[in-house]
Amino acid sequence: MPEVSSRYATGSMKEANRQINQTIRLTMFICIPATVGLTVLAFPIMGVLFPSATVLASRLLMAGALYVIFTALATITGSVLQSIGKQKVALINAGIALVVNLIVLTILLLIFPQMDIYGVMLANILFSVIYCVMNGVALRKYLGHRNELRKTYVEPLVASALMGAVAAAVYYGLFHLTRRPFISLVIAVLVAVLAYLVLYVIVSRTTEEEMLRFPMGSKLVKVLRMIKVYR
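Every number in the numbering used here is 191 more than the matching position in the sequence shown, counting from 1.
One should not assume that every hint holds.
[To be verified] As a list, the in silico DSS-like pairs of lysine-lysine whose alpha-carbon atoms are at most 30 Å apart:
hint : residue 1 : residue 2
1    : Lys413    : Lys342
2    : Lys332    : Lys205
3    : Lys279    : Lys205
4    : Lys410    : Lys342
5    : Lys279    : Lys332
6    : Lys419    : Lys342
[Said to hold, decoys possible] Cβ pair distances, simulated, as ranges:
hint : residue 1 : residue 2 : range
7    : Gly408    : Phe303    : 45 to 53 Å
8    : Leu403    : Ala352    : 22 to 30 Å
9    : Ile283    : Ile374    : 49 to 57 Å
10   : Met312    : Ile418    : 33 to 41 Å
11   : Glu400    : Met306    : 46 to 54 Å
12   : Leu217    : Phe241    : 30 to 38 Å
13   : Ile298    : Val239    : 33 to 41 Å
14   : Val324    : Leu403    : 26 to 34 Å
15   : Leu301    : Arg416    : 56 to 64 Å
Rather than coming from a laboratory, the hints here were simulated on the basis of the structure.
Fair warning: this is a prediction, and the values are worked out from it, not measured in the lab.
No residue lacks a Cβ here, since even glycine has one placed at the ideal position from N, Cα and C.
My request is simple: use the sequences and hints to build the entire structure.
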């Protein structure tokens, strides 16, 4: 964010937007597969961490996984607005989102009491969605910012969906053979991480130079070279 602030101060809007897009892209590179992984493996995760957990707890984890993406986006966009001196805008957006959150929560609990805790979760997710959308509108107004939809969201989502299928197949296949949930889950997660990395590079055609800018980029490149994805 300091770099965005300095670019904004010097009027380099193009560079500021490039930095914002890179930050969001790197964040979605992690958050989208995390969301898919939590959704696909919600029941095994709760079963391993909390053996006495109810089906409700697993379903809540599955439903709430989406919160990861929108909370991350809300945090980033809010930080960018603050870094360019638009703290009041971010605060107003948060206030509006909170009011909508409370209204929706009240309606859900009074009119649809059967939703119970799901209503609370839905209202919280809605808060993050509204907040990040309003922040996005503000960023477009003050910086002319536009999201790179394909690179930022579509490509990691496609790779994550395929990864989710791999993770589910590995976990349930191993569990069927071993009846050991912990071992099956650990192996499934490790395989899923590797599968996502490979699938993401294939889907997005990310070069070594681009991968080096990702979190732990040098280590990721080494792994990809070991398995001959990069040569």
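Results of checking the hints against the structure:
1. Pair hint Lys413 plus Lys342 holds up; C-alpha atoms about 23 Å apart against a cutoff of 30 Å.
2. Taking the CA atoms of Lys332 and Lys205, the gap is about 14 Å. The hint holds against a cut of 30 Å.
3. A C-alpha spacing of about 24 Å is found between Lys279 and Lys205, which places the hinted pair at or below 30 Å, so the restraint holds.
4. With a C-alpha separation of about 22 Å, the suggested pairing of Lys410 with Lys342 holds against the 30 Å cut-off.
5. Restraint check for Lys279 and Lys332: satisfied, since their Cα atoms lie roughly 15 Å apart, inside the 30 Å limit.
6. Between the alpha carbons of Lys419 and Lys342 the distance comes to roughly 23 Å, so the proposed pair stays at or under 30 Å and holds.
7. In this structure the hint that Gly408 and Phe303 lie 45 to 53 Å apart at CB holds, the actual value being about 46 Å.
8. At roughly 26 Å, the beta-carbon separation of Leu403 and Ala352 lies within the given 22 to 30 Å, and the hint holds.
9. Ile283 and Ile374 have their C-beta atoms about 50 Å apart, which keeps the hinted 49 to 57 Å range intact.
10. Take Met312 and Ile418: their Cβ atoms lie about 38 Å apart, and the range 33 to 41 Å holds.
11. Between Glu400 and Met306, the C-beta spacing of about 48 Å keeps the proposed range 46 to 54 Å intact.
12. Between Leu217 and Phe241 the C-beta distance comes to about 31 Å, which sits within the given range of 30 to 38 Å.
13. One distance hint, 33 to 41 Å for the beta-carbon pair Ile298 and Val239, holds here, with the actual separation near 36 Å.
14. Against the hinted window of 26 to 34 Å, the Cβ-Cβ separation of Val324 and Leu403 comes to about 32 Å, which satisfies the hint.
15. Hint check: Leu301 to Arg416, Cβ distance near 58 Å, so the stated range 56 to 64 Å holds.
Violated hints for the displayed structure: none, as all numbered hints are satisfied.
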